[in-house]
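Which chain is which? The protein sequence lines are A and B, in order.
With our numbering applied, the first sequence covers 1 to 269.
With our numbering applied, the second sequence covers 1001 to 1274.
Simulated from the structure, these hints should not be mistaken for lab results.
The beta-carbon is built from N, C-alpha and C at its ideal position, and this holds for glycine as well.
Be a bit skeptical, because a hint or two may be false.
What the hints assert, rightly or not - Not the full set, but computed from the structure, chain B residues with beta-carbon under 10 angstroms of chain A:
{"#": "1", "residue": "L1066"}
{"#": "2", "residue": "V1070"}
{"#": "3", "residue": "V1103"}
{"#": "4", "residue": "T1106"}
{"#": "5", "residue": "G1117"}
{"#": "6", "residue": "F1184"}
{"#": "7", "residue": "I1187"}
As the list claims (entries may be wrong) - Short derived list, chain B residues pointing at chain A, Cβ under 8 angstroms:
{"#": "8", "residue": "L1071"}
{"#": "9", "residue": "A1172"}
{"#": "10", "residue": "W1239"}
{"#": "11", "residue": "F1249"}
To be verified - Listed next, the stretches of chain B that the computed footprint assigns to chain A, with coverage defined by at least 3 CB atoms under 8 angstroms from CB atoms of chain A:
{"#": "12", "stretch": "1026-1036"}
{"#": "13", "stretch": "1058-1065"}
{"#": "14", "stretch": "1074-1087"}
{"#": "15", "stretch": "1212-1221"}
{"#": "16", "stretch": "1226-1233"}
{"#": "17", "stretch": "1241-1248"}
{"#": "18", "stretch": "1251-1265"}
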Amino acid sequence: MQRSLIDRAYSGIIGAITGFGMLLLLAPTLVVLIISFTGGITLKFPPPSWSLRWYVELLQSQEIVEPALTSLKVAAAATILSAVLGGAAALGLARSRLKIARVLDALFMSPMVLPAMAFGLSLLLVFNLLGIRLSAATLVLGHAIICVPFVIRMVSASVQQLNPVLITCSLSLGASRWYTFRRVTLPLIRRGIVASCFVAFLTSFDNVPVSLFLADARSEVLPIKLWAILEGSLDVRVAAVSGVIVLLTLAGLVCAEIFGGVSRQIGSR
Amino acid sequence: MLPVIPLAALFLAAFVLPLIALVAISLFRTPQFAELSLAQYLRFFSDPFSIKVLTDTLWLGTEVALATLVLAYPLALVYAASGQLMRTLITFLIMLPLLTSTVVRTFAWIVLLGRDGIINTAMLSLGLWQAPARLLYTWEGMVLALTQIQLPLMALPVINSLLRLDGNLTRAAEGLGASRARVFITIILPLTLPGAIAGWLLVFAAAATAFITQTLVGGGRIILMPSYIYQQAVGVQDWPFSAALSLIFTLAVTGIVFAIGALSRRYVRGVDAA
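Use the sequences and the hints to build the structure in full.
What follows is the structure, given as structure tokens:
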């Protein structure tokens, strides 16, 4: 009798915290989506009336649309750069037993450990010392470094699951190395590549600490712009931007899920 | 090894070289790069304000990590005990904040915590509060926001280690008459501790370095290491001091992460041996 009472109290507490935790995970995103459709001029919740006025206003705000486009371009370039170089490196490292391979692997993973602000500042200092002017290119370079650890880890995981016999078979049946890579290796590690591109794109698109130091006036990116807006005022247009970002991310997740089973890749991280 | 060379070259030029430059610049006494010395580091450690900024930042990481730990375990226990549908729902809820942009997540908390925000509105209409409370631009508000934002980083490793736990152990304990709370404390908690520590390290580092959330939800009056570095580098343009600040901050965060990681590995060996 006494034990079942303790058990019930325990289950009650676990259930209550879980309910609170799930609400906590969901509520902010939901609230942002709801408030982006407000007809009012403040962030009052619940909204006094409903309208699409902030989305319309957003489309007319050149000072937000332009950084958004810059962010998309920078993220695309950083994703391609980190996926090509990182993917190649992951393949090279996976087959190597050399000690230097372990050292390089640790080096390529280290941007994850280093606070990104320190890295952003250090890049800014080097560009300044070398007299390199900040541009979209320097930004892409910084973002690519931050994205590399995700590519290395996810592509290596796929390569490790690859049965090496398949490659030996292909080669011994007379296929060239390039043909084997294209028709055997690449299709088999596709999931890892798609997932890492997805994560790399989000990482770059969302990056603040590196952009904070490396973005110049001409290549202002979206998160920095939104941060600057919110530091000054509580602008409802940010809710509309947030709505767009949330919906695009969900659409991207669905696409990446179809092509590469991303949730499993991220979940096992 | 041939395909590794391009990335190695890129890292040498755009990662290793900058870090060397960062260390070198931190060793100059003046912003005009005159005279090599440890003056910047002495300046930091002899200034009570700077030291308080560092300890506050590390304490923030600790508080947020503890809060996510308290939320993550029940979530993981329910996940492990549930069917496929509930598991999919929990996975979706965990992925949701992980995938939405940092600024969006932070903005959500500005909406929730504001004067006209949902928390104030609810409390006022329930009659629990007489006047709107100040939640935005407070330490507590910042901890709450960061807890929600970083919860996925704790929940995923805890769920993973809970799923690897041998179910026979808990069933045996329950069969022998232990209450479920006792099973949790004596079996589940010790055996999933490595997952919790992995999550703790991720959350600690992420919360301590979360510049956007710290500045927007914490506000201008709470100064923590990321905004201190930014202010010294971009505002004051004191590069030697900002370089020293970033190195001290980096060493503090990674030092704690590595120390706890090493302790945790020793603990795991102990558990495996027992």
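### Message
Of the numbered hints stated earlier in the document, which are not met by this structure?
### Response
1, 7, 9, 12, 13
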